[in-house]
Structures are given as C-alpha cells and as structure tokens.
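If you read the protein sequences in the order shown, they are chains V and U.
Position one of the first sequence corresponds to residue 3 (our numbering), numbered consecutively onward.
Position one of the second sequence corresponds to residue 3 (our numbering), numbered consecutively onward.
If you are wondering where the hints come from, they were derived from the structure by calculation, not from laboratory data.
Predicted model only: the values in this text are computed from it and were never measured.
Honestly, I wouldn't trust all of these hints.
Because identical chains share one entry, a pair is satisfied inside a single copy or across any pair of copies.
Stated by the list, open to error - Derived lysine-lysine pairs resembling BS3-like cross-links, with alpha carbons at most 30 Å apart:
id: 1; residue 1: Lys44; residue 2: Lys114
id: 2; residue 1: Lys225; residue 2: Lys44
id: 3; residue 1: Lys89; residue 2: Lys99
id: 4; residue 1: Lys44; residue 2: Lys99
For reference, the chains in residue letters:
Number of protein chains: 2
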Amino acid sequence: MTDFPQLDGFRGAPGVVRLIGHRGARGVMPENTMEGFAFTLKVGVRAMEFDVVLTRDRTPIITHNHHLLNAATRGSDGNWLTGAELKVSDLSLTEVKQFDVGGLDGSTVYGKRFPDQVFMSGVQVPCLAELLDFALQPEGRDLLLLLEMKSEPALPDQRGNPLEIVHEVIEEVRSRGLEQRTILHSFDWSLLEECARLACDIPRSYLSQLPENDDDPGEDSQKSVAPDFDVLGVSIPQAVANAGGSLWCPYFMDVTPELVAEAHELGLLVETWTVNETDDINAMIDAGVDGIITDYPGRAQRILLSRGLTW
Amino acid sequence: MTDFPQLDGFRGAPGVVRLIGHRGARGVMPENTMEGFAFTLKVGVRAMEFDVVLTRDRTPIITHNHHLLNAATRGSDGNWLTGAELKVSDLSLTEVKQFDVGGLDGSTVYGKRFPDQVFMSGVQVPCLAELLDFALQPEGRDLLLLLEMKSEPALPDQRGNPLEIVHEVIEEVRSRGLEQRTILHSFDWSLLEECARLACDIPRSYLSQLPENDDDPGEDSQKSVAPDFDVLGVSIPQAVANAGGSLWCPYFMDVTPELVAEAHELGLLVETWTVNETDDINAMIDAGVDGIITDYPGRAQRILLSRGLTW
C-alpha cells in the first residue's frame, strides 16, 4: 500500500481531533479566497477544504458553485451581480478575475448565514494554481489540501470529457510535486474512480450526504451527482472502503458513533462537514470523528481546548 | 490651529461611520498583538485602538492591564499563568517577551466573553515600537493609531514621574515621524494635559465612562484615574472641548444623541467603545457618533453596509 503522509494531518488520536478550514474560514473571511486560506493557516489550522470548477478555457479555479454566486460577487461598478447567475464554464479566466468576491450581500439568505464575515474589496477568485503555489512558499509550507472537484449536476459536459476536471487538477498537483500534501475529494464518486485510475499515489476522500437532509441555501446541491446510497447494498463506509478511499466525509447530520466505528474498522478516516454550532461540534467530537470541517476555526479550537483536546 | 490630517479617518460624514478595531479585533484574534493588528488592517479597518503600559525598564509595550492577564498569558510550559497576576512594571521587556499571549483560557470569565477568538501559539506582547515600525512599512501605511496610555490607578509611581509614559510614548511617535497618524488617548486626563504641553501637534482623545456603569470582567477599571464628572460643572463634551481635545470617546452606554450633537457643536469627534452587539451598533449609528470601536470589525462592517453606509 502506498504511504500517504498527508493522512497524518487528518487522523484523530487520543487527545486530538483535526480541524479543517471550510473554504478557508467562511464564518470570518470571504470563502474560497487566498485571503481566507492565508488567515486560516496563520491561526494554526493547516488543512483546507475548498472547491474547484473549470472555466471555459479549462482553468481550474476555486469557487463552490457552477455559477458565480450573486450574493458574493460584485462587478466593476461595485454592486453585487443580479439576475441569472453567470456560469463559470461560460466564462474565461480573465472574465472571472474581473469580479470581486471579497464580501457578501447581507440582504440575501446566503449573506445572512455569515453575519460576522468581514467585507473586503479587491479580492479575486483564485486559480487552483495560486493556492498550490502558495503551498510551496515558506509561509504555506504547512498547508494540506482537501481538494474538492465539482461535477456538474445532471448536465452532460458539451465541451468534452466530463472527467476533464480530474485530468486538469492532477496535472496541476503533479507539476508542483504536491501529491503528498493533497487529498482528492468529491461527491461524484465517478470522478474519484477516474482519480484512482490516474493517480493511485494521491489518496481519495468520498463525500456523502443522505438525501433526506436539506441542502444549504445558496449552495449547489450535490445529491444528483452522488451515488444512490439506497442501492449500494452495503453501508456507506463499506462502499468507500470498497472504492479504495482513505477518507469518508459525511454530512454531520448523517454521522453516528456506530458508522464512525465501522469506518475506522475499515481503515478509513472520518472528516465531517460543515460543523459550525457549538452543540454540533461537541456531538461530532463525541461521535469519534477524526476531523471537523468548519467555517469557524477559532470557535472549534476553543471547544477542543475546553475539553482538553488539541487539533 | 494645527492641521490634524489623521482626524479625517475618525470623522463621520453622510453615509460614513468610522470603524476602529478594539485592541485589533479581539472577537476574532488575540488582543493587542501584531497578528491582530495586521488582520484588522488587512480586512479594511485602518484605525486601531490599543493600550500602552511601561515595563520595569521603561519600554512602552502594548497590553491592556497593569498586570498581565492570567487568562490570556501562557508561560514557557504552555500553561496559563495562575496565582497573583504579574505586574508589568515589575517585569523587564525580556521577561514580558517570554510569555505567549496568543490564546485565551476558555474556563475563565474573561475567556468566555470571546468564544470565537482563535487560539495561536508563539505570540508575544508587542512593544509600541513594533507597531509603529509596522505603520511605516508598505503593508502598514494606512494604519491610524488611537494610542491609549494607561495610568496606574491610585498608586503613585515609585520609580519616578507618573507622567513618564507620556514622555516615552511621544518620543517613540516623534522618532518615527508619526505625529500625523497618531491620536493620544487616555482615561487619565492629567496625562492628556501633559500631552498638550509636550505635543500640541498631536491631537488628543478623552475617554469617559460614567461611574454607575459596570466595568467589564477581567479589565482594570479606569474610573479611579478619570476626572470626577460630577464636579466638572459642565457637560463631559464641554470639558473635553475646554481641555482642547479633538475626540471624545464615551462608553457606549453613556451615549445619547443629545450629547453627540453637543460634542459636534463643540467641534469634537465622537468615537464610542466597545460596541459589539448588533443592537448596540445600530443604536450608536442612530445616535450619530463619528466612529465605533469594536471587537468585531466584520460584524460592524456588515451592519453598516446593511444600512447603506460605509466606514
């Protein structure tokens, strides 16, 4: 079996629960921005979970949805975008870079979810390359990458191979020698199958969310690209293990101590998302997960410390 | 009259309420640290309110209380200090620098007040000189300094002149040519009288808190060094104007629209502290203050934007 040193940064231990910054630290800083990633690392949380989508010119960029979220995207006039949201795959990298994603529109449902997030200006959508380059610099040397590849839900990619994002991402990671600091992560297990074929030297993380749990407002649903868990015939952890995964990343409402124990028996690590409220963070610690993906790294640090734990 | 360009950064205007980071951004980052100041400036809040105390060797350092707060101070063993708190004026700069002030003890009353503050390690108490030097660097060039000088309550300084802190601070500011980016700020109006004598080219800010309002847990009371407002014979804004102040900085519970209007008629700017809750921030905007000193700059930014205001 390949040695995956990056897994050490995601493995719990007695006295240790790992923390992973969700899109950086979305509760505090603009999500999926270099500013947010730098903040999160600076405050001592080295693992980042973030989202990659391809532009029209097939550049992997870091943004969550397949469309730029109006509530987080301002045009050159300084106003948030309105009307139909722009599709990332219709935009060139140059076009994407013209928008400012430094601040939320607090009048929207999405904006109201993060009332303490700072408001910055002059913040661009980063390319994956920018974050990977940062990881190679001295100040980024501790960074670990939980790199989520987004798969367009229920839409055949009309420009080519739906697996193209896998190829682009792996090429960017390999060209910088970051195979041992990256985990490839997706809701779309068919993308992860392609990862297994192309890059068995990079560990894989399988996201899941049971269909009965609601999606969060303002976020693309991932359910349509996920496996049908009802017809797997085995438990989700077993299915992840069967697929050769290293991590299982369940939605926190789906986590039970029994499933975590089963995953551990199968040799998987369990990182759960997106856990922001104090009671939920405590419940996930009690359930025995290895790591907690959170928008509020400070809050999660403080809860761990209050229980005599570290991260 | 001397021109004080720094006052522009503290002056409200139609559509503008200024934000001032309290000890950096105490709700998010360790207070009175270079890390906190850099964060606050980075997210677009350029004015910092912070506290200066002298060490035994008469070096101005940035910390709030006359004693190092056990709840925020760890020794070389990594544990928070316990027992009688160490007096800053008994410690050399070298001794102060041995402590880590990157994280709060969440089991204390003080620690519980800031549950989202991140936990960092390897964070030292800064000298005033470090912050002033940062202000001279390219990344610090927008910084404005609301520099609070702490006066020991009810204790004659046995090592010399109780006004010595004024001399030390002014010398540090002058030696870097930062007179036009600094405001000298204190609860102890006798220190400000010395400032007027020594440095009439640096504007002054007069803090006040009515005695009937409670002090915050974990913080030195400033009431014993403040004037007796009952015997002033005039309103507090009038007394500030009589003393030649540029800013009046009242505790937010003491603010009324009438007092703000009176201060404005007297040519004063009004900055109020420490305003953290949404309702209180809204009430201070409604009262017409020029600026809000807050531990939560992101939250305050978002409230201003929701009202069509900027900072």
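Verification of the supplied hints:
1. Lys44 <-> Lys114: Cα proximity of Lys44 and Lys114: in one copy and across copies (26 Å, 23 Å).
2. Lys225 <-> Lys44: For Lys225 and Lys44, the Cα distance exceeds 30 Å both inside one copy (34 Å) and across copies (37 Å).
3. Lys89 <-> Lys99: Within. Shortest intra-copy distance 14 Å satisfies the 30 Å Cα cut-off; inter-copy 52 Å does not.
4. Lys44 <-> Lys99: both (25 Å within a copy, 20 Å between copies)
In summary, the one numbered hint that this structure violates is 2.
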